[in-house]
Each structure stands twice: as C-alpha cells, then as structure tokens.
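**Q** On the provided structure of chain A, position chain B as indicated by the hints.
Listed here are the chains, written in short residue letters.
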Amino acid sequence: MKKYIPLFLMLFIAASSVAIAQTDNISPQRKQAIDSLALEKVKDLSKYISIIGSKQTQFSEANRVMDRAEELFAPEAEMGVSSLSSKEIAYYKVRRYFERLMALNYDQVNISWYDIHYISDLERQPDGRYVGVITVYQRFEGTSRESGLNYKDTTKKDITIYVEKKQTQVAGRTIDFWDVMLGDIRVTETSA
Amino acid sequence: MRKFILVLVLITSYRFAPGQGLYSPGQPSDDGRFAASTKQVNQFFRRFNAEESKDGSTRFNPGDREYRDRELRKGFINILFDNETTSVPKSLKEDFTQTVISTGNPQFLDFHNGEWFAEVNTVFMIKGKRENVTLFMKLQEEGLGFEWVIDNIAADFFKLYFDKDTGNDKQFLHPLSHELGFMNLRKALQDNKKPESYTPKEFSPDYLSIFLYEIKKGNIRFETVSDVKFHFFQISDWYFELSQFNRPGFNTGWLISNLVKLNEGDKDVILNYIYDQN
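Chains as they are written, first to last, in the working numbering: chain A, 1061 to 1252; chain B, 13 to 290.
This is chain A alone, in the form it adopts within the complex (with noise of 0.2 Å):
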C-alpha cells in the first residue's frame, strides 16, 4: 500500500488543479494520474502472476501472493479465457485461475510481460463509478523435463479497471481521492 501513496498524491494534486465545480469528471491531466495508478495495480498483478507460476516458488509463498494479488481486485472478478483453437470464453474465479497456474505440471516455468501496453479512455457507469480498460500481453514458457516437452504461448490480457471516487480524513479535514481496482480479464491467446 505504502509505495501507491505518491500516486495517491499525484492524484490529490491533480484533484485540486481543477475547477470545485468539475467535482466529478476526470480532466485529462486527472486521467494521466488514474492511468498511472492502474498500470502500477497491473504491474502488481504481473508480478505476481509470474510469482505464483514459478515453480521456485515454494506453496505457503504462492498462496500468500494469491492473497495479495486477490486484493488487488473487486468482488466477484473472474478470467474469461480462450485460445486460438476455440473462440470459446471459459471462466475461472480469479483465485481459481491462479491455483490452476500454480498448479501446472512443468518442471520450468517462465513468465514475462512485453513491453508494451495499451490504456483505454475511463467511460462512466450508472452507479457513477468510472470503467477502463488496459491491455498487456504475456508471454508463457513451460518445459517439462521428463516429456521433453516445451510449451510457448503468448496471450493478451484486457484488464478491467474500476476508477471511484472515495473520501479520507487528513488532519479534519476531508479529502477526495480516486482509487482505483481491478476486474474481470479476458485473457486471448494470440499467434504471436
């Protein structure tokens, strides 16, 4: 939690930049901020992802970083998920996705991210909260030395981020802020 404070700053910081009166749209200057959050939130994410399938990992490690990656998202998030050789969406809770991962039979595991990703605009919910989209592709390597087999795939991730608008107290007074979750992921497995 400690390492998002500055952006919980920069986010203060952009709140106040603005007119009072725009109390509830997102300027382009607040949406740069909320952007950089979100991707922090996603890196977090990544790296956990690549902790939990890494057979280095030893289980009570694995299912504590579950529990850290799990907070990262709302309630009922689950992973849609299809690859190439069916269009077809399944669905895991998000918990169940990582102990599916962690669970892999390979003797090496390897996962990185590409340099790159892609941050949509944030569009407004009825409820008021903001959604947006992020997508990042993922690279797999798995190697079992017994079958001799070595498995590669690269997928793309669309991560759903939840932007809302929440209240703290510093010193009396009260202060808005924007926090920022992760939700449901459709992960594609592409042909690259």
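Among the hints, a few may not be true.
The calculated DSSO-like cross-link candidates involving lysine-lysine, where the alpha carbons are at most 30 Å apart (straight line), are [claimed, not checked]:
1. Lys1153(A) - Lys139(B)
2. Lys1147(A) - Lys228(B)
3. Lys1225(A) - Lys150(B)
4. Lys86(B) - Lys1153(A)
5. Lys1091(A) - Lys241(B)
6. Lys1147(A) - Lys1107(A)
7. Lys241(B) - Lys1147(A)
8. Lys141(B) - Lys1147(A)
9. Lys1091(A) - Lys86(B)
10. Lys199(B) - Lys1147(A)
11. Lys228(B) - Lys241(B)
12. Lys139(B) - Lys1147(A)
Hints were generated in silico from the structure; no laboratory data involved. As the structure is a computational prediction, the values presented were derived from the model and not from experiment.
**A** Coordinates of chain B only, in the frame set by chain A:
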C-alpha cells in the same frame, strides 16, 4: 499505407523501449506487431478519429495541435481495414476515406451517439443441448453513465416455433366462428403444432421476451460467448462491420471487415439481414 505502418512500427519500437511501466530487463520486446494491432474497440475509435498518437501512448484532446489531424486520420483509416481476408474494393475504401476526412464536412465516430451496436454470438444449454443464440446489444444512457443492454436476439431454435404456413396449407378460424362462441378454438390451440397460424399477418414474435422468460423459468442456461462483432451506421450513407482478427502479422485486432455505401432503403435491408441472420 505501408509507409504509415513502417513509421508506426519504428516509432513504437523506439517508444516502447524497456523502462516503461510493467517491464523489467530481459522481458520480451514487441517487434511492432502488438503496437500496430488495434487492440481495443476504444483504440479503433481513437485511431478512426485521430485522437491518439501513432504509437497509441498519447491521447490527444480538444485543443491539442494533433487532435483529429486530417493527415494522421488518413494514415490511420488506411490501416483500419482488414486487408488480408476481406474483399472490399480499393476504390470503395478510398471513397469512404475521402468522405470521412473531407475538409468541408469531416465525420467522426462518437462512442455515445448511437447508430452502432454489438452482435454477440453466445452458446446456451437448452434441454441438455448446446444452442447458438445471437444477442444484439446497444449502449444506453442510465443513471450517472451508460450501460450495454440486450436490444434483440436471434436464435434458430426459437424460429422453428414460429413457422406459419401460407396458402392452402395455412390453418384458420372460419369467419363465422363467432356465431359458435369460438368453440373451434379447441381444435386450433389444443395439441396443435401450428398455433401461430391463428395470428395476424403483421404478427412478429418478440424473441427477447420469450428468451428472458425461458431463462427465468430455468429452461435455458448461459454457457459462453463465442464471438463478437460490431455494426456501425454512424457515418452518413455508409455501413461498416467491425471484427476482431487474431492472426500473425501487422494487420490485426479490431478492423473493418465489411463496408457498404448506402442508397435509400439499404439500411433497412442490412438491418433485416443482420437481425434475421439469413
């Protein structure tokens, strides 16, 4: 167009050099294919309108010099067509491009302005059998923002139930049935396979209501989504279809897969085609 893609790839290769956001040393680097791909429908809108930089890393807003720049748009629109499998004539693409980037009356896409909708192919379990159902979704304003709603559905297994005969085969209630207190309704509606025979010419079943009723009764159960595409009528006198292309190369992501110049009455013909899934 190749020049535009090359420039885009070169810029993106430079811009997305290690050091950004997610990334750490040793990570795989994009050779420009992911950067070139139209990764989200949102990016299709932005590229179509020239509201972002070539590499997609900078969002242009009203007041920015590059915002909706005509030359940038021209380059973008050229790469927004599926150029590998769709046989839209080059002259038609050029006509369309000139229409939307015209200096006097440029046309832009607007996320909130209607005149576009999604076609979502889904699978439902019905009596133990997998059945395809197409949902037509539209955006509507609701509460403090917007939501996608199911506007219509198409499903072959529903259509089978509404197959009214014509001519001599069509059953009917004779015109003096009223004198007998409509006692012949028993023959018409009890154990009759074609009760739809007794409906007016203009009768059209409301599949969406039946669909919702069947879900609520527990008779059909959602399984999965199998495909999504979009239909756009926002550009005056033009229709285009937007589909996702997941394949190797640089011409990937959300791309225009069909383009039609509309004459009077064509819009209704296309809509009927889409909704009826003929």
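**Q** Which hints, by number, does the structure contradict?
**A** Result: hints 4, 10 break, sorted rising.
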